[in-house]
Amino acid sequence: MILDGKCPSGPLKDKWDNHRRDLKLVNPANKRKYTVLVVGTGLAGASAAATLAELGYNVEAFCYQDSPRRAHSIAAQGGINAAKNYPNDGDSIFRLFQDTIKGGDFRAREANVYRLAQISNNIIDQCVAQGVPFARDYAGYLENRSFGGAQVSRTFFARGQTGQQLLLGAYQAFSRQVQAGKIRVHARTEMLDLVVVDGEAKGITVRNLVTGEVQCHAGDAVVLASGGYVNVYNLSTNAMGSSVTAAWRAHKKGAYFANPCYTQIHPTCIPVTGDHQSKLTLMSESLRNDGRIWVPKNKGDQRPAHQIPEDDRDYYLERKYPSFGNLAPRDIASRAAKQACDAGLGVGSGRGVYLDFADAIERLGEDTIRARYGNLFDMYQRITGEDAYGQPMRIYPALHYAMGGLWVDYNLQSNVPGLFVLGEANFSDHGANRLGASALMQGLADGYFIAPYTIADYLARTEPGKVSIKGDEFRDSAAQVEGLSNKLLAVNGRKTVNDFHRELGHIMWEDVGMARSKESLTAAVEKIPALREEFWNNVRVPGSGADLNQELEKAGRMADYLEFGELLARDALNRDESCGGHFRVEHQTEEGEAVRHDDDFSYVAAWEYGGGEKTPQLHKEPLTFEDIELAVRSYK
Amino acid sequence: MNLTLHVWRQQGPDDKGQLERHQATDVSPDMSFLEMLDEVNEALIKEGREPIVFDHDCREGICGTCSQVINGQPHGPQAETTVCQLHMRQFKDGDEIYIEPWRARAFPVLKDLIVDRTAMDRIVEAGGYVSVSTGGVPDANAILIPKDDADTAMDAAECIGCGACVAACPNGSAMLFVSAKVGQLAKLPQGRPEAASRVCAMTETMLDEGFGNCSNHYECEASCPKGISVKFIAMLNREYLKALPKLKSK
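For the protein sequence lines, the chains are A and B, in the order given.
If you're matching positions, the first sequence starts at 1 in my numbering and goes up one per residue.
If you're matching positions, the second sequence starts at 1 in my numbering and goes up one per residue.
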């Protein structure tokens, strides 16, 4: 089936204005009759919940964390993009749009991305009004810095904790609505099913993570802002609780999953130290403003970094991409690091490259570097025991972000009416590769400025309070959720959930990682179902379902990864081209650059759940480019 | 290295709870403290026993979820470091380690090392924000903020809301937590219009929730993983004093 993204017609710059003119409104007196369920309280979820509540809707908000303030948006370090052009360096809405489309390797929707660039400026205004303490200069004006994939400085930041500050801004707006009685918070509560009534999303089934109680909630619309899925790789920069579960359960109830193979591998993370490793830690991309990436020129060069003279060093990003240098986009920088390590030039364990601040410290002084990145250097020191002021950091790529997600149209509504998907959980704006400092922008754009309009349009066409949790659909959903927990507890095998997660992670990293091939992907599509079968026969989940049981939580998420991982591999197999973060070794230039095949693959791959062991069905949404010329992405 | 752990086990809020002895063997110095506990749990599960439950999420020191008192110190022995960022190279072979939950009247234990910290959310709900709705705000550079004020606001805003300050305080006070939000918003022009009502509402809610008061022990600052300074408590007190006449005139 050919899918329609429902992008408005007309000139690019007028699409969103015209569309808003056409969207239906809900009368202020009627808004309080509607209830919206919001799953996730990160940037997208918290901002949507706060804004919907301010407008007068009733909001029920759900998060698995003990407080809405702890959603993983909080870990974003470097910054948020906006087309303010405060530095007067040639930025514009069009340029932000162009950089984002190009950065995504021409695999995102033009209309969505342009809207994102337009809204970016409102976000900064909103956050400043909330009291977000962005960095400022001595005259009191806002400061900017540069990020990958851009030649302008358009990134606003709050030290190395921009995500934290933006999330706390949204959390505070959210808390104000809790106090006003417009938001009801359900913390330590995990969504485990979407309830669809007469073809429309009308509720969710959740598990209270403290008491184990399974509960149903009915609403007039459901907003999923449940984040990304890259923990399917086991080791990533995501939080331990980040999972595909909410999105995957919605997928099993009919929502299409789009472009799951678009995963972002971030070039600057702290390398793995051993099998005990539970997660990987990102070192912000902002470090590449001042740090220089290099490896020794000679294989087996065991000298400490400071004893290797300039002539024996290869600053490979500066050499290969002179115009962007160390600020080449993430996918390109990650692949270059892998190539260097594959060639035997890696440092430390062999899976690492240097990120060196010696030149910057000499040029600017250690104090300036400390003021800019002190918290990151401290974090590096705590984790590795090494002092990065005196020796270069060792970094290596790690899974970081999911560009793919549930399919949504221009209104951010999935193919299941009434189900809206926001932030990292949807697939919409980043194409095949996300640029740095764009995730925060997208989450807040979706939540503050897009979904509140488009959800109203949906609600205006529905009668409020149409369903109650007494309906059959809710009863069946609760029974299904209970059944799954009981099934997991009953296996009583010999391996732990973590054992399976490590094994799946190994398959995903080796076969569906930074360099994918037909052979590796075919192998993954065979290995994952076998591991899934073993899981259901040999996992051990201790304790009971009627209690705080972290192993049961993990087991439920693991069961979903074991299904979702296969879809990710199938999508990567289907996409017989290289683009952005999806690199097929069959499709590369002699220099190892990605080669797209626009004639065959300029589409969004949206997968319909097959059910059980049946293969999923592919639907395509063609991508057309009217305002931007499809080109070979070059950062040279 | 090999370690002996004494871990607080408590089935639920009404259970009495007790310390339980566990061995952690073959611990690598590169492991984080939580990874060491992961390994202990893996062994417990394989023996058919229930693993130790503890709160954790981002494991990079920013979400504020992890919360353990290690050898009597919230977040353990390393300064300005959350439990998840604490690495085993801080310990040596043969060490005995006592691991307990945050202990405070306002933080009831839910199970083992997990406590209920929703009281802190309710303090923020009482007024820890600028009352601005989405839309209709001026251009970001229309509000100029002197760099020193912006930096001080950021120093306070770095609070991760973990509750170590409460766990460290002999009075179980949340003054450092409250002062960090009051201080951040009091330093910014956007926060001034509501400064008086905010400080009163947050302080009253803190007391209603069962947190104690400050008697200048400064244990909070010493245990804060973000190094939030007690000068913000002084600022909180000044804001409170300034607010009292306004409150009375209402």
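Hint data in this document are derived by calculation from the structure and do not stem from the laboratory.
Don't be surprised by glycine CBs; every beta carbon is placed ideally from N, CA and C.
Heads up, some of the hints might be wrong.
Only some residues are given here: those of chain A computed to face chain B with a beta carbon under 7 Å [stated by the list, open to error]:
id: 1; residue: Q130
id: 2; residue: R136
id: 3; residue: G212
id: 4; residue: A239
id: 5; residue: L484
id: 6; residue: V525
id: 7; residue: A546
Straight-line alpha carbon distances no greater than 20 Å define the calculated SDA-like cross-link-like pairs of lysine to any residue that follow [to be verified]:
id: 8; chain 1: A; residue 1: K495; chain 2: B; residue 2: K92
id: 9; chain 1: B; residue 1: K147; chain 2: A; residue 2: Y138
id: 10; chain 1: A; residue 1: K554; chain 2: B; residue 2: E50
id: 11; chain 1: A; residue 1: K252; chain 2: B; residue 2: D148
id: 12; chain 1: B; residue 1: K92; chain 2: A; residue 2: G385
id: 13; chain 1: B; residue 1: K46; chain 2: A; residue 2: D275
id: 14; chain 1: B; residue 1: K147; chain 2: A; residue 2: G140
id: 15; chain 1: B; residue 1: K147; chain 2: A; residue 2: T368
id: 16; chain 1: A; residue 1: K554; chain 2: B; residue 2: K92
id: 17; chain 1: B; residue 1: K46; chain 2: A; residue 2: G493
id: 18; chain 1: A; residue 1: K15; chain 2: A; residue 2: E621
id: 19; chain 1: B; residue 1: K46; chain 2: A; residue 2: T35
id: 20; chain 1: B; residue 1: K46; chain 2: A; residue 2: G140
Go through the hint on L484(A) and say holds or violated, using the shortest Cβ distance to chain B against 7 Å.
violated, 20 Å
Check the hint pairing K252(A) with D148(B) against an upper bound of 20 Å on the C-alpha distance.
violated, 52 Å
Given A546(A) as an interface hint, is its Cβ closer than 7 Å to any Cβ of chain B?
Since chain B brings no Cβ nearer than about 11 Å to A546(A), farther than 7 Å, the hint is violated.
Tell me if the straight-line CA distance from K495(A) to K92(B) falls inside 20 Å.
violated, 30 Å
With the threshold set at 20 Å, check whether the alpha-carbon distance from K554(A) to K92(B) stays at or below it.
violated, 31 Å
Is it true that the CA of K554(A) sits at most 20 Å from the CA of E50(B)?
With a Cα-Cα distance of about 14 Å, the restraint between K554(A) and E50(B) holds, given a limit of 20 Å.
Given the hint that K147(B) pairs with Y138(A), test it: the Cα-Cα distance must not exceed 20 Å.
Measuring from Cα to Cα gives roughly 5 Å; hence the hint holds.
Closer than 7 Å between Cβ atoms is the bar; does G212(A) clear it against chain B? Give me holds or violated.
This hint is violated: G212(A) lies away from chain B, its Cβ roughly 11 Å from the closest one there, beyond 7 Å.
Check whether the Cα positions of K147(B) and T368(A) lie no farther apart than 20 Å.
Cα-Cα ~16 Å, so holds.
Is K147(B) close enough to G140(A), meaning Cα to Cα at most 20 Å?
Holds. K147(B) to G140(A) sits at ~6 Å (cutoff 20 Å).
Hinted pair, alpha-carbon criterion (20 Å max): K92(B), G385(A). Please report holds or violated.
It holds: about 15 Å lies between the C-alpha atoms, which stays within 20 Å.
Is the shortest C-beta separation between V525(A) and chain B less than 7 Å?
violated, 29 Å
Hints 3, 5, 6, 7, 8, 11, 16, 19 and 20 from the earlier list are contradicted by this structure; the remaining hints agree with it.
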